[in-house]
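Listed in order, the protein sequences are those of chains A and B.
The first sequence lines up with residues 1 to 162 when you count with our numbering.
The second sequence lines up with residues 1 to 162 when you count with our numbering.
Simulated from the structure, these hints should not be mistaken for laboratory data.
All of these numbers come straight from a predicted model, not from anything done at the bench.
Mixed in with the good hints there might be a few duds.
Intra- or inter-copy, both count: the list cannot distinguish identical chains.
To be verified - Cut-off 25 Å, straight-line C-alpha distance, at most; resulting in silico cross-link-like pairs (SDA-like, lysine to any residue): (1) Lys83 <-> Gly123; (2) Lys83 <-> Val108; (3) Lys83 <-> Ala125; (4) Lys83 <-> Arg51.
Protein chains: 2
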Amino acid sequence: MGNRSVSTTVNRSVSWCKSKQELISRCPHQPGLDDLLAASLERRAAYYAVRLLPEAGDRRSAREQILHVFEQLESQAGAPEFKGCAYLAVQIEVNDHSHPASRVAHRVKGNLTAFFRAEAERGGASDPELLARQLMVVFDGAGARAGIGANRLTGLVAPTVA
Amino acid sequence: MGNRSVSTTVNRSVSWCKSKQELISRCPHQPGLDDLLAASLERRAAYYAVRLLPEAGDRRSAREQILHVFEQLESQAGAPEFKGCAYLAVQIEVNDHSHPASRVAHRVKGNLTAFFRAEAERGGASDPELLARQLMVVFDGAGARAGIGANRLTGLVAPTVA
């Protein structure tokens with residue numbers, strides 16, 4: 001993809017970071033827009049996990065820990081500035097699996113899928129892999145529809161996941 | 001949004017139409033990129049409905065007619081050139097409710113929601129509005145994840161919707 005359409009996403013993403021300088025310092029060579037975008041997504045990954053996943057040592061049931069992620073999503077989506085999952089947006093906009101930003105997004109969302117799969121397994125789901133894939137469909141669908149203002153999530157996600 | 005990032009989407013969308021000339025002829029005045037994009041989405045709306053919805057006079061149960069939409073999605077998503085729902089992509093990329101293309105997308109997806117709501121009502125769902133919103137979350141989530149190559153839909157959608 002050309003750098004034209006990355007530029008909008010870069011501008012949106014770079015605002016997450018304290019400074020563009022911080023991003024540039026993470027790049028091994030003189031970075032282009034593609035590298036900056038990837039670095040900004042990489043930078044946000046830890047924050048993304050902290051805001052969504054239960055804390056280490058959380059002793060609630062697998063079902064409650066899975067619901068926790070959707071409660072976090074619902075709460076984040078309630079903010080007026082919510083624009084949907086940045087990782088999904090980048091994958092849709094970039095539309096190229098080999099793009100560095102797309103690879104970061106793929107890995108970050110893979111970690112979330114792995115969390116769902118592990119909890120589904122712990123909770124005794126008959127097909128943890130299928131359940132994890134279904135939960136990701138609901139997660140990305142709910143986030144995308146809230147991000148574009150098509151659905152408010154209040155009262156929507158809990159009965160869907162339950 | 002600037003016209004920079006519209007241009008990628010326009011290029012993708014305009015390829016749906018027989019010719020750019022056809023799109024231009026649908027615009028009331030000398031069209032900009034935003035108008036072209038909106039016209040291309042408008043042009044595709046009838047085709048979109050035909051490919052997804054059951055035919056008029058279909059006598060199957062409400063549940064089967066709802067499943068029909070997801071079977072169509074699964075079948076479309078199996079094509080190597082599938083890139084996800086163009087209407088969702090435009091809404092995410094444009095990220096501006098007042099953009100003409102965004103308004104077309106909002107209306108087209110609203111028609112799909114209305115179809116789900118009507119069938120849910122006919123099928124005796126206890127809360128047709130909620131069910132329609134849930135189905136849209138699954139529809140957009142499944143389409144988006146298949147479009148970015150994160151999930152194959154085979155064997156995924158039917159048990160999620162059932």
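Tested hints:
1. Lys83 <-> Gly123: neither (32 Å within a copy, 34 Å between copies)
2. Lys83 <-> Val108: both (18 Å within a copy, 20 Å between copies)
3. Lys83 <-> Ala125: Classified as neither: same-chain Cα gap 32 Å, cross-chain 31 Å, threshold 25 Å.
4. Lys83 <-> Arg51: Answer is within; shortest intra-copy Cα gap is 15 Å, inter-copy 29 Å.
In the structure shown, a violation is registered for the earlier hints numbered 1, 3, in ascending order.
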